[in-house]
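Asker: Here is how the chains run, residue by residue.
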Amino acid sequence: MPAITASGLSRTFQTKRGPVEAVRSVDLTAEHGEILGLLGPNGAGKTTTLRMLTTLLPPTGGTATVAGCDLARDPAGVRRRTGYVAQSGGVDPTVSVREELVTQGRLYRLGRSEAVARARELAADLGLEGLLDRKTAALSGGQRRRLDLAMGLIHRPEVLFLDEPTTGLDPGRRADLWDLVRRIRDEHGTTVVLTTHYLDEADALADRLVVIDHGVVVAEGPPAALKERYAGSAAASLQDAFLALTGRSPAAEKPAPLSV
Amino acid sequence: MSTTLSDTALVFERYARQTLRSKFQILFGILMPLLYLLFFGPLLTGLPLGSAGSSWQVLVPGLLLQLALFGASFCGFAIIIEKNHGVVERMRVTPVSRLALLLGRVLRDALLFVFQAVLLVLVALAMGLRAPLAGLLIGFGFVALLVVSLASLSYALALKVRTPQEFGPVINALTMPAMLLSGLMLPMALGPGWLDALSHLMPLRYLVDAVRDAYVGRYATAHMLYGVLVALALAALAVTVGTRVFRKAGA
Numbered sequence: 001m002p003a004i005t006a007s008g009l010s011r012t013f014q015t016k017r018g019p020v021e022a023v024r025s026v027d028l029t030a031e032h033g034e035i036l037g038l039l040g041p042n043g044a045g046k047t048t049t050l051r052m053l054t055t056l057l058p059p060t061g062g063t064a065t066v067a068g069c070d071l072a073r074d075p076a077g078v079r080r081r082t083g084y085v086a087q088s089g090g091v092d093p094t095v096s097v098r099e100e101l102v103t104q105g106r107l108y109r110l111g112r113s114e115a116v117a118r119a120r121e122l123a124a125d126l127g128l129e130g131l132l133d134r135k136t137a138a139l140s141g142g143q144r145r146r147l148d149l150a151m152g153l154i155h156r157p158e159v160l161f162l163d164e165p166t167t168g169l170d171p172g173r174r175a176d177l178w179d180l181v182r183r184i185r186d187e188h189g190t191t192v193v194l195t196t197h198y199l200d201e202a203d204a205l206a207d208r209l210v211v212i213d214h215g216v217v218v219a220e221g222p223p224a225a226l227k228e229r230y231a232g233s234a235a236a237s238l239q240d241a242f243l244a245l246t247g248r249s250p251a252a253e254k255p256a257p258l259s260v
Numbered sequence: 001m002s003t004t005l006s007d008t009a010l011v012f013e014r015y016a017r018q019t020l021r022s023k024f025q026i027l028f029g030i031l032m033p034l035l036y037l038l039f040f041g042p043l044l045t046g047l048p049l050g051s052a053g054s055s056w057q058v059l060v061p062g063l064l065l066q067l068a069l070f071g072a073s074f075c076g077f078a079i080i081i082e083k084n085h086g087v088v089e090r091m092r093v094t095p096v097s098r099l100a101l102l103l104g105r106v107l108r109d110a111l112l113f114v115f116q117a118v119l120l121v122l123v124a125l126a127m128g129l130r131a132p133l134a135g136l137l138i139g140f141g142f143v144a145l146l147v148v149s150l151a152s153l154s155y156a157l158a159l160k161v162r163t164p165q166e167f168g169p170v171i172n173a174l175t176m177p178a179m180l181l182s183g184l185m186l187p188m189a190l191g192p193g194w195l196d197a198l199s200h201l202m203p204l205r206y207l208v209d210a211v212r213d214a215y216v217g218r219y220a221t222a223h224m225l226y227g228v229l230v231a232l233a234l235a236a237l238a239v240t241v242g243t244r245v246f247r248k249a250g251a
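Chains as they are written, first to last, in this note's numbering: chain L, 1 to 260; chain P, 1 to 251.
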């Protein structure tokens, strides 16, 4: 059984101006130990899909299993077996690195001494030793991101969800983070699902991509196969494939409104 | 059940540590009732308040519940900031009990405001309050129940709004009428019939009446019965609402 299967997953938000279909119908699978990239322009439905798969948002349609647990019937099982690192991270700036890691371990029901040991182990593994007693506000961008990852890994999850993991990092730190994510997968067999709108990130990091646009999957496959199929050759850029698929570039902003 | 308890202890410890780090937070809420005690209390000592006991036995119960009313209603501010840091979501994605996410916080709040209530009563004793110990303890119990109720509702509302700017005015608009209509400062029995009748629609009124009875040593009264029932019902309702919001919060 794959690590993740989703079928017809959808989410409609009711707003004052009528229903908004953020995710219309997403089908996807992720194999064990795979790094799966969800790629799409801003507003395509990537984050909403991730929020459904992590139990934060109940789907309005469709079914999914994550790490062997049914999303609708056993959300607690999904939570126990998965980790999630949000775009904003989620640590309190006034709390120390050690305290955040230990509390996080305890929230995942590790015993106190186990959580303390695991915090130390992760800090050593992710280059955070020496920072354990600092307030999280005192960390640099790259250190903060590594702490966010450590928070998501504290309970050794089978599946790790990362939402825009390298947004805001400089190129050197981004490449470091990609290495780290690969190493986590290689050493622990963790299935990683990440969203991104950076094509170089999708190309370099993901084994397979699911391209989402307007709330539906418009293409999926390994980066090279997408380039060959949609841009004519495996040597083409993912940018060309992306433009062919969605008709716009992934990080395209809406045109600035005229000022009056 | 035991996981809910240990989860609650865990969440409680986290927020208790945060409170202990901030002297400001520990003492700030006491300022307003303390000012009333010092500068408003002495005005009442010679006035006919139409009730048993001294004016302090009328005023101090009101100030205790005022402390709880304003302190607990503004608890939600902290969670708006946490929400913007992604802390709430990070906790909601773990297997931790949703009830514990709420209870751990509101128990910290209850302890904090009972501590402030104790300080307030100590000052009041120095100013001339005399009341039976059992009555004082009952008063602290009502403070704790009211804080659990209002802090739960405050967190629920705070999780629903996006910015502190939306939250503050709503809380102000609710707490001021609650204070005036419950007779926190002076007994409603002094007022005209229509105001007294209107104030019976305000749940807080029943708690104030009960604590005033406790402060004059009357424990088996209708006021006490209604006070306990209203306080417990309010707490049960508020915790239910709060837990629902922690379960569903799309924020």
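Bear in mind the hints are in silico, worked out from the structure with no lab data behind them.
One thing to keep in mind: the hints can contain errors.
Unchecked claim - Within a straight-line C-alpha distance of at most 20 Å, the following computed EDC-like cross-link-like pairs (lysine to aspartate or glutamate) qualify:
| # | chain 1 | residue 1 | chain 2 | residue 2 |
| --- | --- | --- | --- | --- |
| 1 | L | Lys16 | P | Glu166 |
| 2 | P | Lys83 | L | Glu164 |
| 3 | P | Lys83 | L | Glu31 |
Asker: Under the constraints set out in the numbered hints, which ones does this structure not fulfil?
Answerer: Of the numbered hints, just 3 does not hold.
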